[in-house]
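*Asks:* Below are the chains, spelled out letter by letter.
2 protein chains.
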Amino acid sequence: MTIQAELIENAAGRRVPAVVNGSETVPYQGVGKHQPQGRKSGPPIRISSDYPANGDKRLPDLETALRACGLADGMTISSHHHLRNGDKVALQALEAASQLGVKNLRWFPSASFPCHAPVVDLMEAGVVHHIEGSMNGPLGAYCSEGKMRGLGVLRSHGGRWQAISDGEVHIDVAVIAAPIADAFGNCNGAHGPSACGSLGFALADSIHADRVIVVTDNLVPFPCIPWQIQGNNVDFVVEVESIGDPSKIVSGTTQITRSPDRLKIAEYVACFLRDAGIMRDGFSFQAGAGGIALAFAAFLREMMREAGIKARFIRGGSTQVLVDMLNEGLTDYILDGQTFDLAGVESIGSDARHVPTSPFTSYNFNGKGNFATMVDAVVLGATEVDVGFNANVVTHSDGRLLHGIGGWQNCLFAGCTILAVPAMRDRLPVIVEEVTTLTGPGELIDVIATERGIAINPRRTDLIDATRDSDLPIRPIEELQAEIESICGGKPQRPKLTREPVAAIKWVDGTVIDTAWRVAG
Amino acid sequence: MTIQAELIENAAGRRVPAVVNGSETVPYQGVGKHQPQGRKSGPPIRISSDYPANGDKRLPDLETALRACGLADGMTISSHHHLRNGDKVALQALEAASQLGVKNLRWFPSASFPCHAPVVDLMEAGVVHHIEGSMNGPLGAYCSEGKMRGLGVLRSHGGRWQAISDGEVHIDVAVIAAPIADAFGNCNGAHGPSACGSLGFALADSIHADRVIVVTDNLVPFPCIPWQIQGNNVDFVVEVESIGDPSKIVSGTTQITRSPDRLKIAEYVACFLRDAGIMRDGFSFQAGAGGIALAFAAFLREMMREAGIKARFIRGGSTQVLVDMLNEGLTDYILDGQTFDLAGVESIGSDARHVPTSPFTSYNFNGKGNFATMVDAVVLGATEVDVGFNANVVTHSDGRLLHGIGGWQNCLFAGCTILAVPAMRDRLPVIVEEVTTLTGPGELIDVIATERGIAINPRRTDLIDATRDSDLPIRPIEELQAEIESICGGKPQRPKLTREPVAAIKWVDGTVIDTAWRVAG
Chain H
1 MTIQAELIEN AAGRRVPAVV NGSETVPYQG VGKHQPQGRK SGPPIRISSD YPANGDKRLP
61 DLETALRACG LADGMTISSH HHLRNGDKVA LQALEAASQL GVKNLRWFPS ASFPCHAPVV
121 DLMEAGVVHH IEGSMNGPLG AYCSEGKMRG LGVLRSHGGR WQAISDGEVH IDVAVIAAPI
181 ADAFGNCNGA HGPSACGSLG FALADSIHAD RVIVVTDNLV PFPCIPWQIQ GNNVDFVVEV
241 ESIGDPSKIV SGTTQITRSP DRLKIAEYVA CFLRDAGIMR DGFSFQAGAG GIALAFAAFL
301 REMMREAGIK ARFIRGGSTQ VLVDMLNEGL TDYILDGQTF DLAGVESIGS DARHVPTSPF
361 TSYNFNGKGN FATMVDAVVL GATEVDVGFN ANVVTHSDGR LLHGIGGWQN CLFAGCTILA
421 VPAMRDRLPV IVEEVTTLTG PGELIDVIAT ERGIAINPRR TDLIDATRDS DLPIRPIEEL
481 QAEIESICGG KPQRPKLTRE PVAAIKWVDG TVIDTAWRVA G
Chain V
522 MTIQAELIEN AAGRRVPAVV NGSETVPYQG VGKHQPQGRK SGPPIRISSD YPANGDKRLP
582 DLETALRACG LADGMTISSH HHLRNGDKVA LQALEAASQL GVKNLRWFPS ASFPCHAPVV
642 DLMEAGVVHH IEGSMNGPLG AYCSEGKMRG LGVLRSHGGR WQAISDGEVH IDVAVIAAPI
702 ADAFGNCNGA HGPSACGSLG FALADSIHAD RVIVVTDNLV PFPCIPWQIQ GNNVDFVVEV
762 ESIGDPSKIV SGTTQITRSP DRLKIAEYVA CFLRDAGIMR DGFSFQAGAG GIALAFAAFL
822 REMMREAGIK ARFIRGGSTQ VLVDMLNEGL TDYILDGQTF DLAGVESIGS DARHVPTSPF
882 TSYNFNGKGN FATMVDAVVL GATEVDVGFN ANVVTHSDGR LLHGIGGWQN CLFAGCTILA
942 VPAMRDRLPV IVEEVTTLTG PGELIDVIAT ERGIAINPRR TDLIDATRDS DLPIRPIEEL
1002 QAEIESICGG KPQRPKLTRE PVAAIKWVDG TVIDTAWRVA G
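Residue numbers (our numbering), protein chains in the order written: chain H, 1 to 521; chain V, 522 to 1042.
Derived by calculation from the structure, the hints in this document are not laboratory data.
Any given hint could be a false lead.
Unchecked claim - Quick list of simulated restraints, FRET-style, between CB atoms:
(1) V:Asp577 - H:Lys248: 38 to 48 Å
(2) V:Gly559 - H:Arg425: 52 to 62 Å
(3) H:Ser350 - V:Glu666: 55 to 65 Å
(4) V:Val540 - H:Ala53: 32 to 42 Å
(5) V:Pro742 - H:Arg475: 32 to 42 Å
(6) V:Asp577 - H:Arg353: 21 to 31 Å
(7) V:Pro581 - H:Glu6: 43 to 53 Å
As the list claims (entries may be wrong) - Straight-line Cα separation of at most 16 Å, EDC-like style, residue types lysine to aspartate or glutamate; simulated pairs:
(8) V:Lys785 - V:Asp992
(9) H:Lys33 - V:Asp571
(10) H:Lys88 - H:Glu239
(11) V:Lys1017 - V:Glu666
(12) V:Lys831 - V:Asp845
(13) V:Lys554 - H:Asp50
Please read all numbers here as calculations on a predicted model, not as lab measurements.
C-beta atoms are modelled at their ideal positions from N, C-alpha and C, and glycine is treated no differently.
Please work from the sequences and hints to get the whole structure.
*Replies:* Below, the structure written as structure tokens:
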């Protein structure tokens, strides 16, 4: 289905839809340029005498609970991705909505995964109108092909919090999968057969949604401690046999890359932090769970040990490597948005120094500051970068929308943002003339590290000065680009894109930074 | 100064002002009868780029911070009573406002104490227009004498949360005293030279106020863990030499009563819980820090030990007795609104089973339930009770407003509410014909325990049946009343009250349940 929309050019020179799913958009205006007005949204006032005095809010099943919530055509229903590709709850909820005969829902997941592929059928059947949220895999492909009846809207973790708390997205019913909960609705993610770590992604929904349902397979007597989600924000509790497939919720171990090229990138990045003087007592860093990021953390750990240096905090996505560093005394704290392996889950559930965070504390741009700007260095990936240091994380070079933004945009505000990327993928250069989809503006990206050398953003003269005596292969980005192109046989082809938008890519402040276009059949 | 106001009669037959400080009131309509409309209030949307990227929000002093907050004539400034009679911050803030030349402030403390007596001078000077919040001691007397230019408004802890979150009270500037904080504004109350336990009373202000200042005498590097108040809600941080007088913040020990009469009341109450079958495995209770309550907890502890019974949770105000019960395994958790002695502070700062609560989780009536209704039994005090089981906690029998409501009203929703009161005070009967100031409706008060006998509310036939075989002196309240009057030489005199309101007494839902009147000179 083709979507017609007026397009306007934003401050980054990208064409974006003037209207998205019936609401006027604000085009991206530059970093920190958009000045929002007004007050944050509040949920409806409820009174406790409408809730059971004994605190028991259980209903027998999701269908009953959704009916009690008054779920109706055209409403917005939200879910969350802390169970990742093992989640069973979002689909159960949408299927229960289908049983109720409800149509044209906006599904507002914090992210969707391949396990949610059957939502395609629910979109075909008219139960779900469209998805607003990260679409990994098959749902992204469905969207890319222009089959969704509304536009996709991709937001960062912080941007999702911003959209909810500022009233841009009104959630009618939030469905929260909880690895441990009590009948009052207090819950957390750190314990039980489906333990995933933190429920931070669901926190905004629990505070702002009109109605909140907690779904658990591990009910304990009140009080469930700690209450990361507070029962005082919860309307109903539903027990199910299983909220997820533990083998897909977290991996037992996350693998450090064995690729020599990627190991080299990881080592370069660790050495860069050392040589630039960022690795010093009391510093902080964040790295994800990808193979390069894991290897980077392992290299850095070694250097910290050697130099006798201790971090004040490390931001997770936590993994065994970070947990080891905490236990070894190489950091005072792990501040953790999500746990990526069983060691992370075990640690966040038992060590008071391993602290769950939320997109509010970590990332929300429309707040009184957030943690992301206080992190000294962050190591991220990208699908493409360009010579202006702009980067893309949502589409592939063929224009297909296959990834969510996650916390990536929010992390760009760290003291030093490093994109650690292989020089080429499938013999296609990763450094391009202009990124297919602008996800992060170059002015926030400081370093691009590949196995063929490291490019520092010319704006960061401080980093250039600090690493002047380093042995690292620090080179202008154009030189890196030319070398990679010479190996790959020239510049990559630009993807064939239509002029039909399929998704709006939001910047952290709620403005639209770019558009994903329908891929040419 | 005399305040003229139209009076209307509420559902309890009490005359209450139709307008309080310029806002129309809703008269009390009965328990659970008022149906509020609308949505909760939200604070202004802020953007993180207006805050320091390094997270350092410090300003040199309170005057600078209040100026940066834009404090102006007629605004509302809030403070909190977790430092109790040792608090130095509220007065410092109001004096800084005075230095700025600001006039006619509404001071909105969660409670005021004798240490705040100098606020009388600030009211005389026109800096503070009036106080909305519990007024203990000299400020209550000032209000009672009709000297305040506006009406006092007394709210329960839960009612204060309700008023803030539902938008009834708009706080322009919240000033939060923090025993430990980082420069970003994360803070808690459990550590440092001025440790007080929990900062729960300040939580609503931190979420809803337009501007938030954290004042600390114990700054630590980011992150301050745990962040009971989140720095993401904080605008400015001010360091001062001392936020309070530790000797007055918490007592080293809280004394169990030595009065034989009061010990007898405490034992009666503990036996009542046992005989009524309330003391059973997995039960819960709440008792305060008064001499009777402490003795009650000690008696109950003994009975629980003997019977091999374990509570699921105990609600604090925590004390040494409760902490001992936690450590001894007589309860799984302490859910704690405030700590009353050093043992409580030590425990809440170090034991994950000793959990800080807030008026939101514990008490807020306009929420999706709260903890208060889930507590099996609560033991409270009162200044007067009447034969309809109505009770007064805010005025003395002479009509003087000398106490705040605290969590008292909110606790009435427990499974079994017991008022433990001496039969007489200063040879005046505590059981009266009609309470001077209605603070809690009789339908929520189940048991009145005195040293001369125990009266069960006739509505609670279940409790009457359950204790039919008890050896306790359970008697009709009229019989108790008559006996006490015969000892005291008759019914107490009714106080001489004017028809000039000086304060509105709120019910938990924001309606006005009664009025405090100017006492006749």
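*Asks:* Now, for every hint given, state plainly whether the structure supports it.
*Replies:* Status of the hints after comparison with the structure:
In this structure the supplied range 38 to 48 Å holds for Asp577 (chain V) paired with Lys248 (chain H), their Cβ-Cβ distance being about 42 Å. Under the hint 52 to 62 Å, the C-beta atoms of Gly559 (chain V) and Arg425 (chain H), about 53 Å apart, fit the expected range. For Ser350 (chain H) and Glu666 (chain V), the hinted distance range of 55 to 65 Å is satisfied, since their beta carbons lie about 57 Å from each other. At about 34 Å, the beta-carbon gap between Val540 (chain V) and Ala53 (chain H) stays in the expected band of 32 to 42 Å.
Between Pro742 (chain V) and Arg475 (chain H), the C-beta spacing of about 36 Å keeps the proposed range 32 to 42 Å intact. Taking 21 to 31 Å as the suggested C-beta distance range, the pair Asp577 (chain V) and Arg353 (chain H) conforms, at roughly 23 Å. Here the CB-CB span from Pro581 (chain V) to Glu6 (chain H) is close to 51 Å, well matched to the stated 43 to 53 Å. For the suggested pair Lys785 (chain V) and Asp992 (chain V), the alpha carbons sit about 14 Å apart, so the restraint of at most 16 Å is met.
For the hint linking Lys33 (chain H) to Asp571 (chain V), the alpha-carbon distance of about 11 Å falls within 16 Å, and the restraint holds. Between Lys88 (chain H) and Glu239 (chain H), the direct Cα distance comes to roughly 13 Å. Compliance with the 16 Å bound is thereby established for this hinted pair. Among the hinted pairs, Lys1017 (chain V) with Glu666 (chain V) is consistent with the structure: their alpha-carbon atoms are about 13 Å apart, no more than 16 Å. A C-alpha spacing of about 13 Å is found between Lys831 (chain V) and Asp845 (chain V), which places the hinted pair at or below 16 Å, so the restraint holds.
A threshold of 16 Å between alpha carbons decides the hint, and for Lys554 (chain V) with Asp50 (chain H) the separation of about 11 Å falls inside it, so the pair holds.
In this structure, none of the earlier numbered hints is contradicted; all agree with it.
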